[in-house]
Amino acid sequence: MHTFLGALIATTSLVVLSGCVHSNGTTQLAENHPDIDYQFLGVPLLFQGHGTSVPITQELSLTAAHVASLSYSTVVAYHPHCDIALIQSDNRSDTIASLGTVYPGQKISAFGMDATGDVITSEGVYHLDLNFVNDKDYANCPSSITDAAIQGGMSGGGAYNENNELVGILTGIADKRDTRLLSGEPLEIERLSIFIPTLYLEPWLKENMVNYYRDNAVVAKKNMPEKTKQTLPAAN
496 MHTFLGALIA TTSLVVLSGC VHSNGTTQLA ENHPDIDYQF LGVPLLFQGH GTSVPITQEL
556 SLTAAHVASL SYSTVVAYHP HCDIALIQSD NRSDTIASLG TVYPGQKISA FGMDATGDVI
616 TSEGVYHLDL NFVNDKDYAN CPSSITDAAI QGGMSGGGAY NENNELVGIL TGIADKRDTR
676 LLSGEPLEIE RLSIFIPTLY LEPWLKENMV NYYRDNAVVA KKNMPEKTKQ TLPAAN
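At position 127 of the sequence shown (counting the first as 1) the number is 622 in the working numbering, and the numbers step up by one without a gap.
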């Protein structure tokens with residue numbers, strides 16, 4: 496299971512995945528997949544790309560902060576330490592995956608969108624958590640490492656355990672050649688794909704979901720998850 500106090504400290508060069516250029520391995524079209532969404536990015540004539548978001552309620556989705564900052568979605572909150580954002584999204588037709596956990600050595604599946612809007616995927620193993628001390632977006636955020644291949648456009652997509660539960664949000668690739676533990680020891684892992692674990696995000700996520708639904712009372716009355724309703728104070 497994720498043990499954040501025991502996360503190892505490393506230095507690295509990181510690549511974020513908001514376009515369709517970077518890749519650290521082969522992905523394939525997903526035949527069966529969880530519901531995820533395409534995020535169009537860019538300022539016309541200057542930059543265009545895409546990312547992915549993952550629905551967590553009928554109105555809210557998680558994505559990478561670097562995706563949210565360039566997309567046309569309304570941002571509800573940015574995580575203070577991680578490359579993660581909570582955005583508004585119409586997810587009424589989506590099936591919402593439960594949040595889950597994963598243990599080192601267990602399999603995970605990564606899902607994201609390609610440039611044409613198809614869902615792509617790869618499989619791998621969750622290895623460990625790292626803090627990349629030389630990168631401002633990761634120095635204070637535990638980065639879960641998997642050897643599942645990911646490519647540009649999958650950023651903001653989901654990592655799922657063998658029970659099809661959402662265990663993390665994909666955010667980037669660490670350059671294996673430049674990644675070292677502070678001891679100087681290299682990581683003997685085929686590829687270093689990064690997802691931010693939902694277990695770590697849960698307190699921040701719960702707080703911002705409560706605030707969102709409190710401020711949107713009509714939506715809350717109809718669609719707020721029962722677990723979230725139970726956290727609200729009783730009405731006067």
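Since the hints were derived computationally from the structure, they do not count as laboratory data. Just so you know, these numbers come straight off a predicted model, no measurement behind them. Note that the Cβ used here is the ideal one computed from N, Cα and C, for glycine as well. Do not rely on the hints blindly, as some may be mistaken.
[Unchecked claim] List of simulated lysine to aspartate or glutamate pairs, DMTMM-like, C-alpha gap at most 20 Å: (1) K671 <-> D710; (2) K671 <-> E660; (3) K602 <-> D589; (4) K671 <-> D630; (5) K671 <-> E697; (6) K701 <-> E660; (7) K602 <-> D642; (8) K671 <-> D613; (9) K602 <-> E657; (10) K602 <-> E685; (11) K631 <-> E685; (12) K671 <-> E683; (13) K602 <-> D673; (14) K602 <-> D710; (15) K631 <-> E660.
[What the hints assert, rightly or not] For each label pair, taking beta carbons as the anchor points, the in silico distance ranges come out as: (16) G679 <-> G612: 36 to 46 Å; (17) E618 <-> E697: 39 to 49 Å; (18) D710 <-> E683: 25 to 35 Å; (19) L676 <-> S593: 17 to 27 Å.
Would you pick out the hints that fail for this structure and give their numbers low to high?
Failing hints, ascending: 1, 2, 3, 5, 8, 11, 13, 14, 15, 17, 18 and 19.
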